[in-house]
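**Student:** Sequence:
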Amino acid sequence: MTRPTRRRPPIRPWMVWTVAVLVLGSAAVASTRFVTTDDAQAATSGKAFDPAGYAAERYESEIAPQIEADAIDLAGLLEDLAAGADEAEFGHTPGAGSSYSFPVEFTAVAGAPNGSILPVTVEGMPSGVTVQVQIGPAINGTAIRDVTGTVSFNEFKNQLEFQEVATELNNSVRETALSDLDPASLEGKTLHVVGAFTRVNPALVSVVPVVFEVQP
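Quick note, in full-length UniProt numbering, the sequence shown goes up one by one and the last residue is 216.
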């Protein structure tokens with residue numbers, strides 16, 4: 001006796017979609033890497049930029065020696081610039097539209113300190129030009145960072161890091177060339193200065209020193 005063939009139930013559309021969802025879900029789980037909170041933080045944080053470390057690594061070994069090697073007589077430089085010399089021949093700028101910074105040296109007689117500023121008298125200066133030396137504790141500007149042309153904005157993530165480097169290089173000046181300075185004893189003394197200034201105002205030369213020597 002032949003048994004009747006058992007009829008299979010029809011395949012419904014919802015069954016197809018259910019199977020597809022299960023297959024895709026299994027594949028997604030298999031390809032997913034589960035990480036801890038600590039792993040996620042480590043992956044996104046990265047190593048923080050250290051401007052003080054950057055300055056410590058480069059100031060005494062590269063930047064200060066180059067300023068000393070390239071230093072130009074201040075009076076002669078200003079005379080050349082006043083006569084129309086190309087600033088790019090003597091200094092560097094961090095970018096188009098920015099002022100040039102110049103490495104200079106000079107002998108001067110110190111005036112009375114005024115806070116972080118020491119006015120000085122330099123022979124041979126053009127009429128109407130004031131010269132001062134920044135002696136700290138506050139040292140302003142970006143002359144030390146920019147004067148050699150070897151510290152490029154392209155090395156850093158953003159303008160903040162670039163500015164932090166300028167600040168730390170100024171701190172390096174304070175901790176080296178100016179570390180033993182007694183401002184109260186300077187008035188009337190003859191000085192030998194090597195440093196850098198940024199020519200923002202042709203009538204004012206504000207030098208950040210990498211060498212500051214009081215003559216006997």
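Rather than coming from a laboratory, the hints here were simulated on the basis of the structure. Cβ coordinates follow ideal geometry from the N, Cα and C atoms, glycine included. Take these hints with a grain of salt, some might be off.
Claimed, not checked - Ranges between beta-carbon positions, derived for each pair:
| # | residue 1 | residue 2 | range |
| --- | --- | --- | --- |
| 1 | Thr190 | Pro126 | 38 to 46 Å |
| 2 | Ser127 | Glu161 | 39 to 47 Å |
| 3 | Ser127 | Glu57 | 41 to 49 Å |
| 4 | Glu89 | Ser179 | 17 to 25 Å |
| 5 | Leu160 | Thr121 | 36 to 44 Å |
| 6 | Asp50 | Glu79 | 39 to 47 Å |
| 7 | Glu60 | Ala88 | 49 to 57 Å |
| 8 | Ala184 | Leu160 | 15 to 23 Å |
**Student:** Against each hint, give a clear statement of whether it holds in the structure.
**Tutor:** We went through each hint and held it up to the structure:
Hint check: Thr190 to Pro126, Cβ distance near 21 Å, so the stated range 38 to 46 Å is violated. Our hint of 39 to 47 Å for Ser127 and Glu161 holds, since their Cβ atoms are close to 41 Å apart. The beta-carbon spacing between Ser127 and Glu57, approximately 43 Å, falls within the hinted interval of 41 to 49 Å. Distance hint check: the CB atoms of Glu89 and Ser179 are about 34 Å apart, inconsistent with the given range 17 to 25 Å.
Checked against the given bound of 36 to 44 Å, the beta carbons of Leu160 and Thr121, roughly 38 Å apart, stay inside it. Between Asp50 and Glu79 the C-beta distance comes to about 42 Å, which sits within the given range of 39 to 47 Å. At about 27 Å, the CB distance of Glu60 to Ala88 disagrees with the hint of 49 to 57 Å. Our hint of 15 to 23 Å for Ala184 and Leu160 is violated, since their Cβ atoms are close to 36 Å apart.
The structure shown violates the earlier hints numbered 1, 4, 7, 8.
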